[in-house]
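One-letter residues, chain by chain:
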Amino acid sequence: MGHRMAVPLLIRVAIGAALAIIQPTATPQAQAAGTLIWGMPSETDTMDPHATGGWTTYQITYQIFEGLAKEDLTKGDVPTPPLVPGLAASWEISPDGLQYTFKLRPGVTFHDGTPFDAAAVKFNFERFWDKSSPNYYPKAASFVVAYAKWIKGMEVLDPMTVRVILTAPNYEWLRQGLQSYGQPLMVSPAAVKAYGNEGIALHPIGTGPFRFVERQQGVRTVLERNPDYWGRKAQLDRVIFRPLQDPATRVNALSNGEVQMISTPPWDEIQGLVDDGFKLSTNPNVPYINYLYLNMKQDVFKDVRVRRAVNMAIDREGIAREIYRKTGRPEFGLLSPGTDAYDPGFRSYKYDPDAAKKLFAEAGYPNGFKVVFEIPQVGTGELVESWIQRDLKKVGIDVELRKFEWVTYMGRWAGGMGQDIGMNEIGWGMSTPAWINIVARCDTMAPDGQNSGYYCNKEVDALLSQALTTRDPAAAKALYQKANRIIMDDAAYVPIVDDLQPIMLSPKVHGFVNPPEDWFDLSTVSVD
Amino acid sequence: MRGFLLRRLAALVPVLIGVSVVIFLLMHLAPGDVTTTLLGPQATEADRVALRRTLGLDQPVPAQYARWVARIAEGDLGTSVATSRPVAALIVPRFLNTALLAAASLALAMAIGYGAGLLAALRPRSVLDRVLTGVTLLFGSTPPFWLGLVLVLFFALRLRWLPVSGMTDMAGEGGVLDVARHLVLPTVTTALGPAAIITRLVRSSVLEAIGRPHVRVARAKGLGRGALLRRHVILNALPPIMTITGLQLGYLLGGALFSEVVFAWPGLGSLLYDSITARDTPVVQATTLLIALLFVLVNVLVDLVNAALDPRLKES
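So the protein lines, in turn, are chains X and W.
What the first sequence shows, in this note's numbering, is residues 3 to 530, in sequence order.
What the second sequence shows, in this note's numbering, is residues 13 to 328, in sequence order.
With the rest of the complex left out, here is chain X (with noise of 0.2 Å):
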């Protein structure tokens, strides 16, 4: 009897056990008061500011550190983000430009207590500057390059003040410091101390306004509000960013209240997120532009007028209108819309079929030609590659797409276009217009830069350098302007598209704004 009975209660045990696993799921789940849960498209690298360049490792660390100037990132309605005092107080610049004497925030501490003062900076530019200095971290240096490169010597005025000599004049140079590669962001020197140049990684202390709890590799990373924060705190309690690097899946974990917000949706389920009552935000003046590359060497492309050809015969129009839907954007230049140089009214090249045709049979290819287009696993997706593709068919060029897995594409990117290459691609930009100096220099040629396609123009070259010494705004403008239309008179490159930074956020999410820029200000936010 007792036999049998024992099995009923199983089953009755079992049965209740799994009614307690399927129950309904409370939607969305009950939260701690104040967190966002962020899924992310992928697991972020080094959280050392000085020593990582991801834009989604940036997300992260800009609401852990903060540098001597810092771009105020709370404004979504602005064409490039205002450069305001961060850690400095305030700063001067000499009038030859070469000296910047900067005073620093009094009070401010770090999140381990260690006071920020002249010292703690001293330490931080020896660490990604000076190679004479016990401090010096050379993987710090080789990221933070753009802007420690400037430098020609650092003194401590007094306590609170500290003085950077330049090698030149560069008026762009503060907020080159604050752009992807490396940035020279303040971190705890009693930290690097006690943990070593490799193990700040895991002990991320910085002054900002959230601070460091835990993170576990490829599950989560945990901030909490600082609590002592010198500026505005933060409304939220915590912040965990989540690596759901499935498109599917993140969109599946927002519309499931299991995350709150998403970056880099798929295109074609954001109206469909919207329908469903969640929020899109996105800005128009994203600091970066999808491009091309031609590769200056090979003896098609030597040719301009098959280089204007190539920019006629691709329908941007038609890939931001039918691919983007809402959230792209055609681009005619090399400067992104997050600079203060951009100009929204400049076109360079129309589609133009016709008018391809004529030009490559001017330039003796009036049976088209082959080319080999180089693409990363995660550029700007299959139907953009494979738009641009169909068009240049259509113009009688023959493409054969070559994709590779992204760590492989940056070291061919990176090291310059093969011979047998005629086109590569990039998703980059940054909100100063001197990035063109990055990837346009005859100087910054790969694989000693990032010009792939070895453009080079003495006039633009020129031009980029008096910009950069040129402290008016308004006349560097001018000059990065027209040192972006030689460029596409020259057609050395091909934009495409831009998209507009889209993210999707649930409706409980207030406070939110998207910024030109590419990661964000999570101060300003809070979950009901």
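Fair warning: there could be bad hints in the mix.
One-sided excerpt, in silico: chain X residues whose CB lies under 8 Å from chain W [to be verified]:
1) P140
2) F145
3) A203
4) H205
5) E216
6) G220
7) V221
8) L246
9) N258
10) K405
11) W408
12) G413
13) A416
Derived by calculation from the structure, the hints in this document are not laboratory data.
Positions of the beta carbon are idealized from the N, C-alpha and C atoms, including for glycine.
Based on these hints, arrange chain W on the given structure of chain X.
Just chain W now, kept in the frame of chain X:
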């Protein structure tokens, strides 16, 4: 039995050496450079050379391999070049997560496979047999990433019974029940493929055993159906079933990558994928070695069980 065990364990050594050599060579033959990941594209060639020297990547490949083996022999799996964390600290939690998913999936696959296979074999060519084999074939042929998305669509988004992703509710308190809720859909998705394979093998093995002469003799002697099945059919059918079950467990421990991606389940498979894309050789090496070791050990275990069931195997 001890000699048999020792022989099988000794055979592990060349297998593991072979796996580690192949992986080591593959990582070095693959295009792409870890210095691109570590230093960014703006690094100078001098920076890259210096970093390669620091990491020992300027040494000949055999020397690098020898150094790695020496470290492994001391129990040091090394440090991840991408995250600066000890490899063991990265692998252990991921392995536990994968082990949990693999164990749950195997249990479900065995329950379905053994039950359905036996039922089908006992009524061969009946409607039940055709339905069971048809359904398991259908699930076995379904791509797991598609199946996972369909299950999510129905059970998580439509019915809202179960969560979509991860191992715990990040805004909640966690706990065993929470993990169990998150385990359901990845388990079902992962288990159905192996369940189909096990079902078909159980069916054919049992059918074959039923057809053997000694079973017919036992039946003619009037042995009851239950005893006949237990003593003469199932015992004889077990060795191939155990072998295929062990192979499935090896596959599951290797990381059911599709389930891990679709459900953001942080296991070994996704760690391996991230490490390969970052050219993080120490993590790739250690992870593949662990997977190979587990695969081989599971098979040794299966051989031991089979040898216990059928003493003839020990002699062979």
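Okay, the hints, checked on the actual structure:
1. Of the supplied interface hints, the one on P140(X) holds, with its beta-carbon coming within about 6 Å of a beta-carbon of chain W, less than 8 Å.
2. For F145(X), the suggested interface contact is upheld, since its CB lies about 5 Å from the closest CB of chain W, less than 8 Å.
3. With a least beta-carbon distance of about 5 Å to chain W, the hint placing A203(X) at the interface is held under the 8 Å criterion.
4. For H205(X), the shortest C-beta to C-beta distance to chain W is roughly 11 Å, which exceeds 8 Å, and the interface hint is violated.
5. For the restraint placing E216(X) at the interface with chain W, the shortest Cβ-Cβ distance is roughly 12 Å, beyond the 8 Å limit, so the hint is violated.
6. Annotation: G220(X) was flagged as interfacial toward chain W, and the flag holds, the nearest CB pair being 4 Å apart, inside 8 Å.
7. A distance limit of 8 Å between C-beta atoms decides the matter here; for V221(X) the minimum to chain W is near 5 Å, and the interface restraint holds.
8. Given the 8 Å rule on beta carbons, the hint for L246(X) holds: about 5 Å separates it from the nearest Cβ of chain W.
9. For N258(X), the shortest C-beta to C-beta distance to chain W is roughly 5 Å, which falls under 8 Å, so the interface hint holds.
10. The closest approach between the C-beta of K405(X) and any C-beta of chain W is roughly 13 Å, which is over the 8 Å cut-off, so the hint fails.
11. Checking W408(X) against chain W by beta carbon gives a least distance of about 6 Å; that is within 8 Å, so the hint holds.
12. About 5 Å separates the beta-carbon of G413(X) from the nearest beta-carbon of chain W, less than 8 Å, and the hint is met.
13. At about 4 Å, the closest approach between the beta carbon of A416(X) and any beta carbon in chain W falls short of 8 Å, and the interface hint on this residue holds.
Consistency with the previously given hints fails for numbers 4, 5, 10, ordered from lowest to highest.
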